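J.: As given, the protein sequences belong to chains A and B, one line each in that order.
Here the first sequence is numbered in the numbering used here, starting from 1 and rising by one per residue.
Here the second sequence is numbered in the numbering used here, starting from 1 and rising by one per residue.
Calculated from the structure, these hints are not laboratory results.
Remember, predicted model here, so these are calculated numbers, not experimental data.
Cβ atoms here follow ideal geometry from the backbone N, Cα and C, with glycine treated the same way.
Heads up, a few of these hints could be off.
Claimed, not checked - Quick look at which bits of chain B chain A covers, simulated, 3 or more residues with Cβ under 8 Å:
(1) 125-139
(2) 172-186
(3) 260-270
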Amino acid sequence: MTVSRRQLYFFLACVAPAGKLILLPARLAESAKNDLLLPAAIHLALQAAAVFCALLLCERGETLHDMLAATFGRVAAKIFLTVFSVFLAYAAFLPLLEEKLFVQSVYYDTLPSITSFAPFFLFAAYLAAKPIRALGRVWDILGIVAAIGYAGILILSAGSADYAALAPAGGSGMGILLGVLRTWGWFFDAALLLPLAGHIEAKKGTAWRGALFYLVGSAAVLLFLAVFYGIFQETATNQLFAIAATSKYFSGVSMLGRVDYAFVFLLGLVVLFLSALPVQGCVECLLQAYGREHHLPAFLSVGISAVLLALVLVCDFRFGDVMSVISGTLFWIFPLFSVLVPALCLALRRSHA
Amino acid sequence: MRNFFRSLPMKLYILIAAVLAFSFFSNDFGLVDIQKTAVILAAGIDRTENGFSLTAQIAVPKGSDRTAGGTSSVEIEAEGETVSDCVSLIFSKTGWVPKLVFCDLIVLGEDAVKEDVIAYLNYFLRNDYMPDSCMLAVCEGKAGELISTVSAIDDASSLAISKLFSDAAKKSGKVMPCTLKDFAIGYYGVSESGYLPFIRTERQKGGQNDSLQSAGAGTGTDGEQKIYIAEETALFSKGKMVGLLDRNETLAVSLLKGNVFSGTFNAMDGDKPVTLSVVNNRGKVSLDSRAPSVKLSLSVVVRLCCRGVTAAIDDIASDRVTDDILKSCKETLSGYVGSMWEKLKGSGCDLFFLRRALYRSSPKRYGMWKDDVPFLSPVTVEANVRSMK
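Could you put together the complete structure from these sequences and hints?
T.: Next comes the structure, spelled out in structure tokens:
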């Protein structure tokens with residue numbers, strides 16, 4: 001049983017964009033100000049191209065390990081998959097901290113204890129131990145949930161925005177470049193698809209359709225960014241949790257209370273699954289490299305989740321430092337693995353060739 | 001032994017799950033007991049010699065009598081070097097955890113606005129639990145004293161003041177409410193300007209005092225009952241108060257922004273005063289920045305009907321807006337607009353965010369004219385006054 005194309009398209013169009021609606025808008029506004037759409041568009045276009053490459057690879061119907069082994073040999077394949085799994089675990093860290101901060105700040109009305117978010121790692125460990133094909137069923141449901149959440153928030157928010165605040169385009173100059181460099185940590189969707197190679201029911205044409213669906217999701221992200229900046233303008237940098245902030249100015253909210261939270265919860269649920277996805281990819285890479293022994297999936301998923309939990313506990317009050325290291329000092333790791341690697345993987349040989 | 005190792009992952013998983021679940025539920029979901037929470041309804045900030053004074057109006061249960069209803073409040077004052085320091089002191093003094101999630105009003109004292117007010121507002125602006133849609137205002141005298149007054153019309157002074165900033169009040173053109181978010185956008189934007197309603201208090205006069213008290217308003221205190229007026233508007237530039245618009249000038253700003261619906265003002269019908277109601281309003285402040293000079297024009301379009309005219313007993317239909325009244329209205333409104341603009345020019349406050357509009361339309365022209373814009377004199381001031389047919 002594999003992930004069907006419909007399920008894949010749901011992921012690309014609806015689920016993947018949800019991870020870019022929490023901290024990323026404020027981070028983009030910090031660097032690029034009213035030009036925040038430009039760095040986001042550059043990232044999304046690059047990722048759409050990388051998704052196209054990754055899906056072209058998936059169209060071969062073989063796992064990444066098989067293709068690597070056929071090209072470079074089994075040892076090199078193991079080394080690459082181990083390194084790639086480390087990258088995925090590393091890439092998982094920022095979304096995890098982001099989701100943790102989001103849950104603690106938005107769902108709790110005072111600062112909760114450090115352990116409040118810990119049950120997430122039970123969930124991540126469970127999900128990562130499941131076979132990767134189970135993702136398809138998850139995406140079937142999450143696609144619809146994300147679409148409803150996104151539409152709800154956008155409907156409640158769009159009327160409160162002053163879109164003239166986005167003018168003049170290009171005024172930020174170097175800020176646009178800085179915006180691109182400082183936000184790489186949120187753009188690694190193509191890398192998430194590589195462990196799925198061999199588990200996706202991909203045929204000829206899946207690649208460009210997948211890229212097209214990714215661009216549809218990207219358009220939704222850009223629209224949300226425009227609404228976000230239109231509402232908060234110069235104070236956008238201050239709004240760390242964008243999806244929970246934009247819809248509160250809807251006139252009905254002042255009378256009925258935060259009814260918009262229904263949609264925020266829906267998107268929060270989607271982001272929860274999305275945050276666990278790199279962990280799942282990481283486990284899958286290691287399983288491809290070292291085989292699927294009896295309890296290895298469970299050991300790996302629990303082990304990786306425990307390590308991430310420990311790191312989250314250690315970095316509880318150091319989010320700013322972590323963000324500046326991941327998306328500042330070490331930003332180059334993301335384009336390397338999420339753009340260059342999918343493109344270079346197209347040069348891999350087929351195992352049966 | 002082999003069986004033990006085979007079942008080890010599941011045992012480990014259950015153990016970790018149990019530990020995490022225990023830590024999750026042992027925290028009461030991280031919530032604070034409501035009995036130990038100070039629900040802050042409003043905050044008043046004043047400048048002192050050593051820093052700040054924060055007066056928080058805290059909602060307290062009104063008692064077990066269900067028929068009483070409403071909201072009782074106490075005011076707690078704390079002095080510190082920063083606003084955050086003051087909030088911590090309130091916690092120390094009362095043992096209640098201050099909770100800003102229901103704080104809908106921040107009042108700044110007259111002394112506080114002589115300095116850059118963002119020093120006080122930053123704490124609220126960066127607080128995740130504080131709604132940035134809360135109203136901001138400046139008051140005559142000390143904000144702490146205003147917050148502590150007894151309202152003649154509501155249980156708490158903050159609730160009475162909040163009523164002044166309703167949508168209906170805004171549409172009347174007499175009040176220009178401003179939220180924390182809008183003030184911050186104006187401050188951090190290229191215009192570096194903003195406005196806030198200016199609150200004055202008046203002693204409640206008339207015979208309704210007793211009946212209101214018996215209905216529950218202002219009970220439990222011996223203080224004099226007050227009513228609040230916010231028809232003036234404080235002007236801000238770079239975070240400091242730089243001027244004050246009176247009630248007519250405030251109406252002129254509202255008319256220029258096109259906000260007014262069913263607002264009223266007075267004009268003359270010969271030697272008799274008449275009150276006119278605005279049933280439709282459009283306003284425009286336009287800037288023509290094409291070189292070699294920048295030109296400003298102001299335009300107000302209002303459609304009026306007559307209210308409160310002194311008519312003879314046999315002329316009940318005398319609510320027509322005559323040409324004389326229209327002429328008087330035009331002169332009156334032009335006068336309000338002109339007087340308002342002179343004050344803006346004198347203060348340097350870019351109340352209509354013209355610099356921002358210029359920057360958005362052309363950064364090059366913005367570079368050329370940004371320093372001149374707040375001090376421009378309008379080339380045309382047009383008041384187009386029509387009668388409702």
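J.: Next, verify each hint and record whether it holds.
T.: We went through each hint and held it up to the structure:
1. 125-139: holds (count 7)
2. 172-186: holds (count 3)
3. 260-270: violated (count 0)
Violated hints amount to a single one, hint 3; each of the other numbered hints is respected by the structure.
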